[in-house]
Amino acid sequence: MAELTNRERLHIPRQTMPAQGPLVRRTNFDEVALGFTAELARQEAERCVQCAKPHCVEGCPVGVLIPQFIRALREGDMEDAVRAMKEKNNLPAICGRVCPQETQCEVRCVLAKKGEPVAIGRLERFVGDYELAQRTCPLECSEKTGRRVAIIGSGPAGVTCAVDLGRQGHQVTIFESLHASGGVLVYGIPEFRLPKSVVHAEIDYAVECLGIKVHPDAVIGRLHTIDELLDVNGQGFDAVFLGTGAGLPLFMRIPGINYSGVVSANEFLTRVNLMKGYRFPEYDTPVKVGQRVAVIGAGNVAMDSARCSLRLQALRAQETGEEPGEVHIVYRRSRVEVPARAEEVHHAEEEGVIFDFLTNPVEIYGDEKGSVCGMRCIRMELGEPDESGRRRPIPIQGSEFDMDVDMVVMALGTRPNPLVFNDAGGLERTKWGTVVADQETGRTTKPRVWAGGDVVTGAATVISAMGAGKSAAADIDRFLRGEVNPW
Amino acid sequence: MYKILHKETLSEVNKLMVIAAPEVARKARAGQFVIVRIDEHGERIPLTIADYDREAGTITIIFQEVGKTTMHLGTLEPGDELATFTGPLGNPTEIENYGTVVCVGGGVGIAPIYPIARALKEAGNTVISIIGARTRELLFWEDEMRALSDELIVCTDDGSYGRKALVTEPLRELLEQRDGGIARVWAIGPAIMMKFCAATTEPFNVPTIVSLNTIMIDGTGMCGGCRVQLTDGARFVCADGPEFDAHQVDWDLLLARQRFYLEEEKQALERWQHRCQLEVG
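So the protein lines, in turn, are chains Y and V.
The numbering used here numbers the first residue of the first sequence as 8 and each following residue consecutively.
The numbering used here numbers the first residue of the second sequence as 5 and each following residue consecutively.
Honestly, the hints are just simulated from the structure, not real lab data.
The beta carbon of each residue, even a glycine, is placed where N, CA and C say it ideally should be.
Hints are not guaranteed to be accurate.
Pair by pair, the computed Cβ-Cβ distance ranges are [unchecked claim]:
{"#": "1", "chain 1": "Y", "residue 1": "P145", "chain 2": "V", "residue 2": "A127", "range": "50 to 60 Å"}
{"#": "2", "chain 1": "V", "residue 1": "V70", "chain 2": "Y", "residue 2": "P145", "range": "25 to 35 Å"}
{"#": "3", "chain 1": "V", "residue 1": "E177", "chain 2": "Y", "residue 2": "H207", "range": "35 to 45 Å"}
{"#": "4", "chain 1": "Y", "residue 1": "R286", "chain 2": "V", "residue 2": "D162", "range": "54 to 64 Å"}
Pairs of lysine-lysine residues, derived as DSBU-like cross-links and limited to a Cα-Cα distance of at most 30 Å, are as follows [to be verified]:
{"#": "5", "chain 1": "Y", "residue 1": "K203", "chain 2": "V", "residue 2": "K270"}
{"#": "6", "chain 1": "Y", "residue 1": "K203", "chain 2": "V", "residue 2": "K7"}
{"#": "7", "chain 1": "V", "residue 1": "K7", "chain 2": "Y", "residue 2": "K220"}
{"#": "8", "chain 1": "Y", "residue 1": "K295", "chain 2": "V", "residue 2": "K199"}
{"#": "9", "chain 1": "V", "residue 1": "K199", "chain 2": "Y", "residue 2": "K376"}
{"#": "10", "chain 1": "Y", "residue 1": "K376", "chain 2": "V", "residue 2": "K270"}
{"#": "11", "chain 1": "Y", "residue 1": "K283", "chain 2": "Y", "residue 2": "K151"}
{"#": "12", "chain 1": "Y", "residue 1": "K203", "chain 2": "Y", "residue 2": "K220"}
{"#": "13", "chain 1": "V", "residue 1": "K270", "chain 2": "Y", "residue 2": "K220"}
{"#": "14", "chain 1": "V", "residue 1": "K7", "chain 2": "V", "residue 2": "K199"}
{"#": "15", "chain 1": "V", "residue 1": "K7", "chain 2": "V", "residue 2": "K31"}
Derived contacts from chain Y toward chain V, CB cut-off under 7 Å, selection only [claimed, not checked]:
{"#": "16", "residue": "H186"}
{"#": "17", "residue": "G254"}
{"#": "18", "residue": "S267"}
{"#": "19", "residue": "D291"}
{"#": "20", "residue": "T292"}
{"#": "21", "residue": "P293"}
{"#": "22", "residue": "E375"}
{"#": "23", "residue": "G377"}
{"#": "24", "residue": "S395"}
{"#": "25", "residue": "T441"}
Can you build the whole structure from these sequences, using the hints too?
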């Protein structure tokens, strides 16, 4: 086929990715977005005008070679597309699914100025999925250095850091507290957004290629401490990267918070995702969903909790023949301030989640069995902007009302789990419990310890954690080669 | 994977297993627990460490078969492997020389009280132990407890062995007889037993420690499913406990929270028993 002119490229519409319709998908846990076919991917790749100065790349926290991989795609050279992708991103099947492309690469696409940007994320996913199936471009490591690095946490930051260091020839061991690798990718993000088979396949592939050791069931802070990992008479690692995320759930300080049926989003999502509670009793871990569920908060985790609730209700209704029930998002600010990705909010609304904006719980009621039987709320209005720049929600006196709910999911955010800091003297933390680390390099105040991802920033995105893992890996590599000694 | 090295049947429902877990054994201390998952379909359950051998690299667990997971676990044999064995979790018991202490173990709670009583004895305390169970069949480790205790009181609810009494009766008598002479009490067993032990010691103002066994998933502070209400606020059993001041615990809320999945537990158990019958048939 003859090379298209840029004018012709601009006339190709953005390709739509096949997806399950809202009424179907709210009754199952299968992936919502089904991915591009080869033809759709090629069509979409044709839209890229191959800017000389690609702004999309600047928007990517790991600097994926976007024009290069898209060019290879449109030329039909899949292996080259994979190679270009893996220059910077070792986990494309994951990033292609969960990155907020609309605020990173795609928002900067030159096409976005006049119409719709190139669907970079969908193309990334297409390349990632192709490679998981074909394995054309296994990661290779440079000459072995004999230096040893311990990575604490196998989430996006840890795995990215581990893979980059593995490629540089260092011997890497990942310590994971749970039984499965992936961190928030396996316990938090639901199957219908990110299939666990994709996470496992992508991590396993990288780990196998590079000979990275993974130690599951290893709770650092209890089994080993950071000091022991670094001690020559202990585990004897040369460097430690801390990528333990923000896993400690926050609860509201209101009466009734400990009734049965008030759960953290972490617990609810872990039961559903990591433990596969939606397949109980085939899997042993039960998960309960109410007839009338209130999810408190409006971040991505809240959307995930609400959409899991809807699905569990639908599965129950299929069995019992009763009405599935209702799921509400209860948020103290208005729609404008919602922190979740627009696409997630849109998906949740399509599936039937009810949004109660400017509403804040003040008390949870319990019945004689100690289970949730209602929730008292107060209406809010927005005042002047607060330190976050968002307008401060203020309770409207006398506007209290009761909501009929039998389950409350707290999705108010998380903090770093302090367990890992047992016996880690000299590691400075902020008053929010996050680790103080250099933004560029991830260096902490403790010699030979780096940190990155949510444990430094507080709950943020998968890709920003990967970016932090990547820059820390580069600095650790320089340190291990004796090029820098920051302490 | 973690191999089962040894198994003992302590009673019809209580089983002991010795698990190969060298790293866990190296760090384990009295009062801590592990999270066990049998296989890929399994749930994660907390079990208190009943004993450990650092040199052999083993952890001993004792469990009562009450639901699907514990019954399934009970069918495993030496040579079989567990998918997950995470620990040591929770904070170790604060062992000091307090003077004269009482250690109460009820039912399967005899297992976790054993290493605590031993550590207290080693620290120089005078240890009076009370062990009890519903009936004789359910008692175990009487000899082990006797060997490390300065005094041992054994009772059963039905009087089939030892004294016919609930553990709270000898506990109250000790507190009365040794007016002010008991420095501290540990009580581990079913929640209802711990609740009544707390009520027994409270009028005497004797500090009383209980080890709570709540529903949990990760065991590291991530899910918050294990939270317990104390007089000054909520705590996570996995990260802040598992031992707490018994007089501060909201026992009724704790008991209610333990019953939250009763229906599902019943369903899982019936399904398991049905499958076992099919296999036998």
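Hint numbers contradicted by this structure: When the structure is compared with the hints, numbers 2, 3, 4, 11, 13, 14, 22, 24, 25 turn out to be violated.
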